[in-house]
Amino acid sequence: MDTATTPEPSSPKTRSKARTIGRRAFLVSSVVIAGGVAFGYYTVKKPHLNPLRDQLGPDEATFNPWVKISPKGITLITPHADIGQGVASMQAALIAEEMDLDFGQFEISQGTPSAAYYNTALAGETVPFLRNDHGIVAESVRTIADAMVKVMGMQSTGGSSSTIDSFVKLRTAGAVARETLKEAAFKRTGIPVRDLRTASGAVILPDATKIPYTQLAGDAAKLSPVTDVVLRDPSQWRLIGKKMERLDIVPKSTGTLTYGIDLDFKGMLYAAVKVSPRIGAARLGYDASKAKAMRGVKAILEIPNGVAVIADNTWRAFQAADAITFTWGKAPYPPDQDAHWAEVGRSFTKERLDKEWRHEGDVDRALSGAKVIEAEYRAPYVAHQPLEPLSAVIKVTDGRADLWTASQAPGIAQQKAAEVTGLPLENVHVYNQYAGGSFGHRLEFDHVKLAAEIGRQMKGQVIKMTFSREEDFTHDYPRQIAMARPRGTVKNGRVETCDLHIAAVSAARSYMSRLGTSIPGADLMLAAGAWDLPYKIPNFRVTTYAVPELAPVSSWRSVGPSTSAFFADCFLDELIHAAGADPMEERLRLTDDPEARRVLETVARMSNWGSSLGPNRGRGVAFATTLGTPVAEVVEVWNTPDGIQIEKVYVAAEVGRIVDPVNFENHVQGGVVWGLGHAMNCEITYADGMIQQPNYHVHEAMRLRQCPEIIVKGIETSAEIRGIGEPPVPPAAPALANAIFAATGKRIREMPFNKHINFV
Amino acid sequence: MELNVDGTIHVVDVEADMPLLWVLRDELKLKGTKYGCGAGLCGACTVHIKGEAVRSCSISAGDAQNAPITTINGLGTPAARHAVQAAWIEHQVAQCGYCQSGQIMTAAAFLAKTPNPTDAEIDDAMSGNLCRCGTYPRIRAAVKAAATTLSGN
Ligand code: FES
Ligand code: FES
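Top line first, the protein sequences correspond to chains A and B.
For the first sequence, the residue numbers in full-length UniProt numbering are 1 to 760.
For the second sequence, the residue numbers in full-length UniProt numbering are 1 to 153.
For the record, the hints were derived by calculation from the structure and aren't laboratory data.
Please read all numbers here as calculations on a predicted model, not as lab measurements.
You may find that some hints are simply not true.
[As the list claims (entries may be wrong)] Under the rule of at most 30 Å between Cα atoms (straight-line distance), these lysine-lysine pairs were calculated in the DSSO-like manner: (1) A:449 with A:266; (2) A:266 with B:29; (3) A:648 with B:144; (4) B:29 with A:298; (5) A:292 with A:266; (6) B:29 with A:290; (7) B:29 with A:292; (8) A:298 with A:459; (9) A:459 with B:29; (10) A:713 with B:144.
Extracted from the complex, chain B is given alone in its bound form:
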């Protein structure tokens, strides 16, 4: 099957029901997308499919065909950072950092739709992503900073 990941078409030979997460990590060797719970509970595996934030552990490769997929590795790079990544760096959000790929992907999809979010909207949007290290106060601050950059205010 063909998968369109980070702007590249990949041909993979996998079962249609293999979760997208494991195709990304073990077949395409794109390791920025993390395995946390495998059950849609933690958000560590979040990617964008057609711009929507999706849990890649909970969508099959078969269902992810024919749609552009963006992972953290395609959102931006250390040299060319997405505004959300830049805010995350400026606010030094990460502790262990393991949840942060997913946090950033959730925030990027959310801000694309909600350029001027209220505090309550930020809390709602980000509460599906667990951070065991408890970086929530910095996540809130970084989302607000990224919103400001993205909306050009």
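This is chain A alone, in the form it adopts within the complex:
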């Protein structure tokens, strides 16, 4: 078993020999830094690169720290990008818990990209095994996927995996630091380690004398680290599971946090870009004569498929870019939306079969002769559009490039910048920044390539490139377009047959092709949210078909289940209604999966399922497991004379362990708002090869006045640690559609729902 990818069970005393944590790749160790010590991992396999290269000697080239202590202070490295999930605070809390540090006693730094910070938890989701399957085959395949992640050096933040990945690694790092500091105190005082305690950043002697860690750092640096450490029993936790004031909350509430877009350097210039609005189409011609003469414009550069304007102010760069006229080539995909849908519709064929994921009973026999219920469901392209537009600051000189940007995959950003500038990878330095949201958008790297190209052409000059909102919207690779053609039967008041056929463009394949590689085998994400439903339907089949890439698509918060769970859960609801059964009771009757039952029963209790809501009101329920986290949601709507009002949402999620309850609730609510808002009114469409939605007025999602009351319950009974950034998203849309049906009798089978019904 691979202890680095498998979160520990919550057994009372978890003995964690740090050396075994990552026996494939890591050893815990320490190194000397100026006047102090750093604790972290040595890679024992092929080193990728060394993020501390500038500070350390060449013989220590593979060291990656989590904790640095010097006489001046303590720094915790929190390598997952903070895209708004509070993950920097969470990671710091995990280290601080074991190290006996209080908030306020340390600084945090995101570190620099390094393969040693790679995210092992993410890889576990790229292979098709049920989440609770830890059998030998599942484990070994997970390991292959792990290897792929390591090769990519992703250090990525996605798939809600930050908590999972960090949970053991970072606590162990904290414990190793603590025990080594105690050892240093023993060497200094002669008092045996068993008589020493630690609290608030100090080793405490039996007579209550405190020796601050910062004063022991120099001594600790001379010791080999104590790696035989015992992680704390959860009952002793001071920080984990308690309300904590997030480290970034004051800066984020006072306008004092510096995001990537806010960076400022002396002598910096500002860049705007115009890239072909037909994605991937060539720039055939342009006229920049007007732009050249505009105030503040310093240079006009040709970049791949577009033009960049360099100016002395962002707005001047935007204005000049708008003043350039272009002739663009043809889009390498069908120019109009109808053709995209037609291609998806043509994909339910043997030739395009991606995989039959499950088949219980005999679906074909059950469908012949019975009264068959059939439907067609659609889920459109949808944009990510985090509120902070994409940006990057770049400086390229002959021997080196420095890049400041907010990325979910800084290792890939580094690689792409190296390719564009022609510099060796180790000469490209990436400084990951706080992001104003991402939702998958910052896994992409086109903006990094554009910035690198600008830097390459403007050597020695620091430049901040900012996308205008319109440029960002019209080059945002949206969520996959998807369609389902399900069939089913009911008998004696029960669901008898469910035959789900789903055709979609694969976001993973699209992304991999942009990286110049491909993934072998079927794409689990096309089926995720449908094939893994824990229902024992007598005849149950889930089949996916791969639509060849049309326009490029990309991972969008929750990825596959954001479309597949909508299809699967709404169609199941149709069957249940056709059978004349109760949507909650029939789902419960169909499953003996303890976790599914637990979240469904919890949400039924919370919503008082079965009680009357009165006329023109209705409830809908949906359940999905996303990236290993089972979530059930009940939505209550009111069909007012002016349209649908969403009144309440109840959420129950089985998450294993909640690190920060406030942050947890906030993110579950945010996930629900995200799922509902986009289902209500968002889609991206193409005409003449171009995205038709350039700003939020035509891709609005939820506004505050539409936001329901959202009541959240996190259940902590499972032994695993699970993420929560994405799992609340997939059940939201089907629960809403099911509630609308309950309130109005109208079955909506296409997102966005406002094509079929009004919302107030």
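Fit chain B with the ligands to the supplied structure of chain A, relying on the hints for placement.
What follows is chain B with the ligands alone, placed relative to chain A:
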């Protein structure tokens, strides 16, 4: 031209039609005010002009002369927080936080005029500000808490 921002008079040499947002961010280096949409749709750029909540992306520098302008950086500081900021911190509203400068500026201007708002008034006042992270439930709670502090109840 002269701009009176957060109690300081700044002399800037910019086109009269440059949106106030970009004067604040790129000329005066006041980065608390955010660029979200540039078109009056999201509210990330909200500042106060003579106490009114205004979208700084949609008002020109020329039109913002001769009036006191308050940005998030002038509303309060980490050490001396405005009541709305204090409520935002207490309720840990922010996720990515990028919209929150604008949310706080909208809420502060609204509560100055409407000290005892109803739920419906809060919803109306705050619906012009987008939050892509979906922090709306906490925004509602924080506005109510700030209203209580500000009205001394
Ligand atoms: S940036 Fe001004 S309203 Fe969006
Ligand atoms: S907190 Fe991220 S946009 Fe509001």
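Exercise. Within a Cα-Cα threshold of 30 Å, do residue 266 of chain A and residue 29 of chain B meet the stated pairing?
Worked result: It holds: about 11 Å lies between the C-alpha atoms, which stays within 30 Å.
Problem set entry | Restraint status (C-alpha distance of residue 713 of chain A to residue 144 of chain B at most 30 Å) | Distance ~23 Å between residue 713 of chain A and residue 144 of chain B Cα, so the pair holds.
Exercise. Quick one, are residue 449 of chain A and residue 266 of chain A close enough, alpha carbons at most 30 Å?
Worked result: Judged against 30 Å, a Cα distance of about 23 Å means the pair holds.
For this session: Take a quick look at whether residue 29 of chain B and residue 298 of chain A sit within 30 Å of each other, Cα to Cα.
Result: holds, 20 Å
Problem set entry | Proposed proximity, residue 459 of chain A with residue 298 of chain A (alpha carbon, max 30 Å) | With Cα atoms ~14 Å apart, residue 298 of chain A and residue 459 of chain A stay inside 30 Å; holds.
For this session: Starting from residue 29 of chain B, check that the Cα of residue 292 of chain A is at most 30 Å away, please.
Result: Answer holds: residue 29 of chain B to residue 292 of chain A is near 25 Å, not above 30 Å.
Problem set entry | Distance restraint between residue 648 of chain A and residue 144 of chain B, which requires alpha-carbon spacing of 30 Å or less | holds, 19 Å
Exercise. Do the alpha carbons of residue 292 of chain A and residue 266 of chain A lie within 30 Å of each other, as the hint requires?
Worked result: holds, 24 Å
Exercise. Is the Cα-Cα distance between residue 29 of chain B and residue 290 of chain A 30 Å or less?
Worked result: Roughly 28 Å separates the two Cα atoms, so the pair holds.
For this session: Sort out whether residue 29 of chain B lies within 30 Å of residue 459 of chain A, counting only the CA atoms.
Result: Given that 30 Å is the threshold and the Cα spacing comes to 25 Å, the pair holds.
No hint from the list above goes unmet by this structure.
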